[in-house]
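Going by this note's numbering, 13 is the number at position 13 of the sequence shown; the sequence numbering is gapless.
Since the hints were made in silico from the structure, they are not lab data. Small disclaimer: the values here were computed from a predicted structure and weren't measured. The C-beta atom is built at its ideal place from N, Cα and C for all residues, glycine as well. Misleading hints may appear alongside valid ones.
The following label-pair restraints were derived from C-beta to C-beta distances [said to hold, decoys possible]:
1. Gly79 with Thr58: 43 to 51 Å
2. Ser87 with Asn66: 17 to 25 Å
3. Val134 with Ala113: 23 to 31 Å
4. Gln11 with Asn33: 33 to 41 Å
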Amino acid sequence: MIVYPLQLEEQSATGFTHRIRLTHEDLTEATANTAQTIAIFTVGARSYVSDAAFNLVTPFEDASDNAYNSTTIIVGDGGSTNRYIASAEINVNGSEILAGPGVNTTVNYAYVAADTIDIIFGSMTGKSLSDIDVGELDVYLKVSNLAAYSYTG
Numbered sequence: 001m002i003v004y005p006l007q008l009e010e011q012s013a014t015g016f017t018h019r020i021r022l023t024h025e026d027l028t029e030a031t032a033n034t035a036q037t038i039a040i041f042t043v044g045a046r047s048y049v050s051d052a053a054f055n056l057v058t059p060f061e062d063a064s065d066n067a068y069n070s071t072t073i074i075v076g077d078g079g080s081t082n083r084y085i086a087s088a089e090i091n092v093n094g095s096e097i098l099a100g101p102g103v104n105t106t107v108n109y110a111y112v113a114a115d116t117i118d119i120i121f122g123s124m125t126g127k128s129l130s131d132i133d134v135g136e137l138d139v140y141l142k143v144s145n146l147a148a149y150s151y152t153g
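Can you make the complete structure from the sequences, with help from the hints?
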């Protein structure tokens, strides 16, 4: 996983401040039918997340097993696992969603204490996430550190 803080030109073009690149290599859970949580990064108290989206660069799959047909993602935090992105299918053998917005009713969240933004990859019955050998996903977030702009007089 790589977290890219976007440059001002990219922020202006996309409306996001961060792009997080996750690949099949990040999936290490070897137990069948077991989800894997990956902490993307930590936001501090008085951070504000106002937008989220994802782009499925390359759909995920186990190239040797066409029956592995479901890999889902959700993006959230310690208070709500799907606060930013609700369940989306990213497996090529399922009905993969190539791009998607955040959950509009819960985006716009201010943190009163530090927390991690997490992505949870869901597996399927009888299959292990570590068997996936193809896939690349970008998650986009707009994060502001409000404390950095506080006027103290």
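Quick rundown of the hints versus the structure:
Roughly 31 Å separates the CB atoms of Gly79 and Thr58, a value that falls outside the hinted 43 to 51 Å. Checked against the hint of 17 to 25 Å, the C-beta distance between Ser87 and Asn66 comes to roughly 22 Å, which is consistent with it. Between Val134 and Ala113, the C-beta spacing of about 38 Å breaks the proposed range 23 to 31 Å. Checking the proposed 33 to 41 Å range against Gln11 and Asn33 shows it holds: the Cβ atoms sit about 39 Å from each other.
In the structure shown, a violation is registered for the earlier hints numbered 1, 3, in ascending order.
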